[in-house]
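K.L.:
So the chains spell out like this:
2 protein chains.
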Amino acid sequence: MESIQPILQSVHQASVQTRQLTDEQKQHLLLDIAKNIDDHIDVIVGENSKDLARMDDGDPKKDRLLLNPARLKDIAQSVRDVAQLEDPTGKLLYTHVAENGLKIERITAPMGVVGVIYESRPNVTIDVVALCLRAGNAVILRGGSDAEASNKILVNLVHQALSKNGLFTEMIQLLPTDRKFVKELLEADKYVDIIIPRGSQTLINFVRDNSRVPTIETGAGVCHTFVDSYADLYKAAQIVINAKTHRPSVCNALDTIIIHSKIAEKFIPLLKEGFASFDVEIFADESSYPIFLSNGFSHLQHAGDESFGMEYLSQKCSVKVVSDIEEALAHIRKYSSKHSEAIVSENNEHIVKFLNEVDAAAVYANASTRFTDGGVFGLGAEIGISTQKLHARGPFALEKLTTEKWIIHGNGQIR
Amino acid sequence: MESIQPILQSVHQASVQTRQLTDEQKQHLLLDIAKNIDDHIDVIVGENSKDLARMDDGDPKKDRLLLNPARLKDIAQSVRDVAQLEDPTGKLLYTHVAENGLKIERITAPMGVVGVIYESRPNVTIDVVALCLRAGNAVILRGGSDAEASNKILVNLVHQALSKNGLFTEMIQLLPTDRKFVKELLEADKYVDIIIPRGSQTLINFVRDNSRVPTIETGAGVCHTFVDSYADLYKAAQIVINAKTHRPSVCNALDTIIIHSKIAEKFIPLLKEGFASFDVEIFADESSYPIFLSNGFSHLQHAGDESFGMEYLSQKCSVKVVSDIEEALAHIRKYSSKHSEAIVSENNEHIVKFLNEVDAAAVYANASTRFTDGGVFGLGAEIGISTQKLHARGPFALEKLTTEKWIIHGNGQIR
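Each protein sequence line maps, in turn, to chains C and R. The C-terminal position of the first sequence is numbered 415 in our numbering, with every residue numbered one higher than the one before it. The C-terminal position of the second sequence is numbered 1415 in our numbering, with every residue numbered one higher than the one before it.
Check the hints yourself; a few may be wrong.
[Claimed, not checked] Straight-line C-alpha distance at most 30 Å; calculated DSS-like pairs for lysine-lysine:
#, chain 1, residue 1, chain 2, residue 2
1, R, Lys1334, C, Lys103
2, R, Lys1050, R, Lys1061
3, C, Lys91, R, Lys1103
4, R, Lys1190, C, Lys334
5, C, Lys353, R, Lys1235
6, R, Lys1262, R, Lys1235
7, R, Lys1152, R, Lys1164
8, R, Lys1061, C, Lys353
9, C, Lys190, C, Lys62
Since the hints were derived computationally from the structure, they do not count as laboratory data.
Given only the sequences and the hints, what does the whole structure look like? Please build it.
P.N.:
Right under this line is the structure:
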């Protein structure tokens, strides 16, 4: 294949039908997709095994690539869950009657064509298809070559469900994995309305730097928890231990503990047991290092400049001692990736100050940053956590796969 | 100056103060800015005359550059109008209580630092400053070198008002006009949250293609009006004449008339008088050309391929005859820039179909497309009309100079 222009044109053309699907049609279609996955688990596992066979056993991506019956049942169920979510389109956001009698409304409408560029996780294929169809969008998928056979069978099963419902299969398209087509996709602002990169920071940076199509970044989380002098220290220790150790590989996990100097001596020992059971490695600044040392923490290092503003994604964290809330806020301002930030304090003035001043997608008082998640926030399944400020900030869920549209009813008004 | 890094850092730093301004402080500040403009009209006119002196008399930009006392009074009044608009920040958009008792809120918050790149209109300087400050944002301005003296005096007057209010003048910064600094600004995603290009399509394309900072495009309008076979033809003629001739140089003016074949013979003569008084030049397709000709229209040309999808910005338009609404929709799909589109019809089914299917920022039934405007839509002053689908679509007004922020109150919740 020389060019993906015919694919881009056909998905754009099919999006006209997609945007007109009724709530009922969309629900029905998603239930059929879920059933078709459930009914073809053996076939999918068979195709997936071809992809797995091509990957080295030691490769850490192998687990992400794996589709087994249990995972496939979960995937089918998540499609049913998306079917149950409220239709995000056609919602009335605003009305206004102009002096000349024009009736002006702003409503939510399908985005159009959503492009997703991702790596070796084939479950993304179905997650994205379900959310995009629910919002009336056509989809163009560019998965990793590692998962080619898995993605092909999954998209085939989606196409079967589309055909069964009398719909154009062109509304869901899987691109060939040749690298040159990624560039073509990123320049297709005539046919594609939004591109979402899902994967490594390298992928995200590449897409942002090369795309003419608007993108939504679901970026890194450099997350801080500030333990104030007014904190309930026991509560603070529980929160910090949970935020660090519960699932360190995800973006809302803690990276840096900021501790008020007044309570550092008392607070630090409370972390010992919890951190020891997960072998947490600590990069301590000058003030906190002697305290950790005298309390017998193992895995202790001196923090360097590179220890702050670092997303560890593992059982490691840095520690910074500050003399007041202003210094804590300045540290966060300097190093935060604007994802999730927390204060632990019983002082209401400090809580309000922190919540107001910290510029991040999610700002917490007295809770673990691990809760930044579409499901917890009541939005349902999400595509990722957006750390940018336009359009979607925080969990990027179904509602944000729509755009707005102004509808104006007149009876001959002229200007 | 070698680099604008110090300016970028200081505006970012100052935005911490800007985001904490109360509604009252912001109103007070804007009224002081308005007063300071009113009080220094002679000084501004003097500086503006230096810019005017450097421009050739025949240059069409000269009128855009001109600041006279009447225009300056209007500018000061528009600042007062923005002061009267409701504070767009701190609005509660969504609440949710999680099963574990977490209290989750989504509110509007200041964007942070807004960058604006514009050309020779010095009024943009004050428009942008007023809207951005009202939303709690700091601003970095890059105006054209044509308007350098005018922009400097205006920003000085803003700085005086900031100082009088005990605020950091760094929150409003005017960049030197050297071209190399534009690139530096477009790469400053660490310090600048959004960049808005205001000006020619060339400028907008350059910013979109080179910016690492997210941008909002306020792009071209290729606007169609479809006169259905069910149209009230007299009403349709009034609407078409108004949409074309009222102010052809703006983006919501009509570019192409789409006429149902059934009523073309009756409808076209109704345009004659209105078009004649503005010397409208017509590019007619094969079906409509003989009708225009036999009705004695002057300024008549045969339409070529290039006549459709063209933003004329002058007293010119193209005409396409279609055999049904489907063909009209297909034509719009192919050529629309997704700005403003209209149907004139008394058939409710056709109206609903058109409003649903047309993918544009503003879709009209039985009115002139000339109404796409923040003021008409009840939003107040606007920065432009966004034709993109993320964040802001249609009038890009005060409300969209904010971002969202999730605020979570807990009492020790861990995951």
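K.L.:
All hints are to be evaluated individually against the structure, with a verdict given for each.
P.N.:
Hints, verified against the model:
no.: 1; hint: R:Lys1334 - C:Lys103; verdict: 28 Å, holds
no.: 2; hint: R:Lys1050 - R:Lys1061; verdict: 15 Å, holds
no.: 3; hint: C:Lys91 - R:Lys1103; verdict: 25 Å, holds
no.: 4; hint: R:Lys1190 - C:Lys334; verdict: 10 Å, holds
no.: 5; hint: C:Lys353 - R:Lys1235; verdict: 58 Å, violated
no.: 6; hint: R:Lys1262 - R:Lys1235; verdict: 17 Å, holds
no.: 7; hint: R:Lys1152 - R:Lys1164; verdict: 18 Å, holds
no.: 8; hint: R:Lys1061 - C:Lys353; verdict: 48 Å, violated
no.: 9; hint: C:Lys190 - C:Lys62; verdict: 36 Å, violated
When held up to the earlier numbered hints, the structure conflicts with 5, 8, 9 and fits the remainder.
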